[in-house]
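Visitor: Chain by chain, the residues:
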Amino acid sequence: MIEARGLTKVYGDKTAVAGVNFTVEAGRVTGFLGPNGAGKSTTMRMIMGLDRPTSGSVTVNGSPLTKHAAPLRDVGALLDAKAVHTSRSAYNHLLAMAATHSIPKKRVHDVIEMTGLAEVARKKVGGFSLGMGQRLGIAAALLGDPQTVILDEPVNGLDPEGVVWVRNLVKYLASEGRTVFLSSHLMSEMAVTADHLIVIGRGRIIADAPIQEIITGKGQGRTRVRTDQPDRLMQLLAGTGVSVEVQERELLEVKGLDPRQIATAALEHQVMIYELTPLQASLEEAYMELTKDEVEYHSLITTGADPVEAGGK
Amino acid sequence: MSSTTVESTPSPRGADAGPQRSGDGTSSGPGPSFPRVLNSEFIKFRTLLSTLILLGSTIVVMVGFGALSAWGTGQFSEAAARDPQAAARIAAQGGDLAVGVPTSGIAFAQLILGSLGVLLMSSEFTTGMARSTFAAVPKRIPAFAAKLVVVVLTSFVVTAASTLAAGFVSVPILDNYGLGLDLGSSQSVKMLIVNSIYVAAVAAIGLALGTLIRNSAGGIMSLVGLFFVAPIAFQLIPGDFFVEARKYLPGNTVDPLTALDHVPDTLEAWQAGLVLGAWVVVPVLLAGVMLKRRDV
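Chains D and B are the protein sequences, given in the same order.
In case it helps, numbering that gives the first Met the number 0 puts the first sequence at residues 0 to 312.
In case it helps, numbering that gives the first Met the number 0 puts the second sequence at residues 0 to 295.
Quick caveat, the hints were computed from the structure, so don't treat them as lab data.
No experiment lies behind these values; they were computed from the predicted model shown.
Each hint should be verified, as a subset may be incorrect.
Short derived list, chain B residues pointing at chain D, Cβ under 8 Å [as the list claims (entries may be wrong)]:
{"hint": "1", "residue": "Val36"}
{"hint": "2", "residue": "Asn38"}
{"hint": "3", "residue": "Ser39"}
{"hint": "4", "residue": "Leu48"}
{"hint": "5", "residue": "Arg81"}
{"hint": "6", "residue": "Pro83"}
{"hint": "7", "residue": "Gln84"}
{"hint": "8", "residue": "Ala86"}
{"hint": "9", "residue": "Gly127"}
{"hint": "10", "residue": "Arg130"}
{"hint": "11", "residue": "Phe133"}
{"hint": "12", "residue": "Lys246"}
{"hint": "13", "residue": "Gly250"}
Quick list of in silico lysine-lysine cross-link-like pairs, BS3-like style, CA-CA up to 25 Å [claimed, not checked]:
{"hint": "14", "chain 1": "D", "residue 1": "Lys81", "chain 2": "B", "residue 2": "Lys138"}
{"hint": "15", "chain 1": "B", "residue 1": "Lys189", "chain 2": "D", "residue 2": "Lys13"}
{"hint": "16", "chain 1": "D", "residue 1": "Lys66", "chain 2": "B", "residue 2": "Lys246"}
{"hint": "17", "chain 1": "B", "residue 1": "Lys189", "chain 2": "D", "residue 2": "Lys66"}
{"hint": "18", "chain 1": "B", "residue 1": "Lys246", "chain 2": "D", "residue 2": "Lys81"}
{"hint": "19", "chain 1": "D", "residue 1": "Lys81", "chain 2": "D", "residue 2": "Lys105"}
{"hint": "20", "chain 1": "D", "residue 1": "Lys81", "chain 2": "D", "residue 2": "Lys104"}
{"hint": "21", "chain 1": "B", "residue 1": "Lys246", "chain 2": "B", "residue 2": "Lys138"}
Here a beta-carbon is modelled for each residue, glycine too, at the ideal position from N, C-alpha and C.
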């Protein structure tokens with residue numbers, strides 16, 4: 000379990016993290032989502048004891064990492080794919096890391112095998128692709144078989160196969176009861192990986208809730224309805240707080256009623272409906288909504304996020 | 000058994016292979032004790048090709064300069080034998096030309112091993128390795144102390160061994176010119192030990208500079224500034240202050256420490272020892288404090 004209390008980091012006149020409070024629970028994948036420069040990496044470095052908080056504190060299993068007797072066995076972190084001396088081989092890097100905690104060589108071989116690095120383990124890290132660097136970072140994070148795993152942008156630079164692998168890995172680790180804290184600026188990745196989401200923008204927590212709640216939390220549940228009597232159905236559904244939008248000739252999008260209420264109304268008045276699909280705001284939409292005032296670097300070109308159907312996998 | 004690139008699912012076998020975990024979420028198992036951190040730093044030290052190249056270069060330079068110096072000294076003494084004035088100058092210097100031959104490459108050895116000291120820490124920061132190192136050892140000081148032990152021990156051993164090798168190469172050359180060099184004489188042994196300690200001290204200063212500056216070029220330039228530029232600059236700047244201050248530069252502590260008798264207008268041996276000690280202790284302590292305080 001990771002707990003941040005009033006955690007603040009100020010660099011000169013710039014506040015990177017502004018007094019955040021959050022708890023990362025064990026047994027689930029907690030996503031840490033935010034735009035670039037929002038304070039994700041700074042927060043993670045403070046968890047790892049690499050950056051000293053300006054004020055406040057962050058603890059892992061109740062104490063700051065500097066107080067842990069065997070830090071590598073408690074917390075494993077991938078903070079930067081290239082947190083490795085470029086002229087050393089992956090194997091020797093892991094061997095040196097393992098030596099600090101008397102982790103046996105067998106474990107070094109195991110994490111190399113697990114992360115698919117066996118082919119390149121004896122090669123210099125400097126020649127690694129970004130994806131290979133990420134795998135080595137993950138191998139190092141898992142070296143001590145830690146209870147808490149922190150991964151900063153782990154899917155960066157991974158091929159699609161690697162992305163799926165990371166997704167399965169973090170879910171598996173959480174299912175074993177470990178604390179998994181995963182940052183990303185990729186909302187789509189979070190949508191399929193995380194159970195719980197902490198959204199950060201400009202150093203402040205703007206949401207901390209189960210992922211489902213964040214997606215539906217805006218109260219914008221919509222339902223797509225196809226019927227051969229659209230005008231009749233519109234009349235039936237009309238009411239306060241309900242809006243109906245005609246999208247095609249026989250296709251309506253209803254806001255403010257749940258599918259059951261729509262079906263009940265249609266059944267009572269003998270209007271046939273042949274599609275009834277609950278739509279959810281995509282995580283992209285929810286995220287854009289949450290962070291629209293918090294983006295550190297506004298891009299000049301607004302990127303449009305396409306709505307995605309819920310459960311559309 | 001696995002495909003050439005990826006195992007597409009995490010392997011439970013791998014994840015379960017680690018040490019036992021107690022129920023409350025904190026692990027049991029060995030932590031980063033100093034001997035373990037020292038072992039880790041030795042692994043890091045010997046698994047870099049650049050380190051081994053620098054150590055090898057030190058030996059080559061020391062032996063090469065020893066041989067060259069033996070030949071040069073022989074030529075000089077032959078000339079001196081025909082020139083009474085030169086012979087008088089030699090006599091004034093204590094008479095034994097040969098004893099300094101094995102350590103004649105020391106100025107270069109100190110530069111190489113001092114740079115190694117700088118690189119040992121600065122490369123951690125320039126490559127990002129520091130984040131891995133200090134995540135495993137969050138108290139930081141054990142890792143710094145381990146690096147200090149590694150670089151000081153290695154520098155001492157490599158300097159001593161290459162001085163000895165240079166001695167073995169020099170003896171037959173000097174013999175040709177009728178000059179005797181007894182490697183077992185107390186002055187030879189003193190030269191070897193003092194110079195090895197001195198180079199180890201320079202390496203420690205280098206490590207401190209690398210820790211404070213965190214940049215390889217900057218650290219090495221500072222080292223060169225302290226050991227090569229400052230002595231010359233202090234000589235060129237007029238004024239009694241710089242003449243006096245020059246004696247206290249770390250590079251000027253070796254001669255007083257190895258002198259047979261105290262030479263006027265230099266430090267006493269014990270003073271030189273203290274000065275060199277201070278040049279090591281102050282930067283090392285400062286580096287330790289700053290490493291502990293600053294963000295990685």
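Visitor: Looking back at the hints listed earlier, which ones does the structure fail to meet?
Guide: 5, 6, 7, 8, 12, 13, 15, 16, 17, 18, 21
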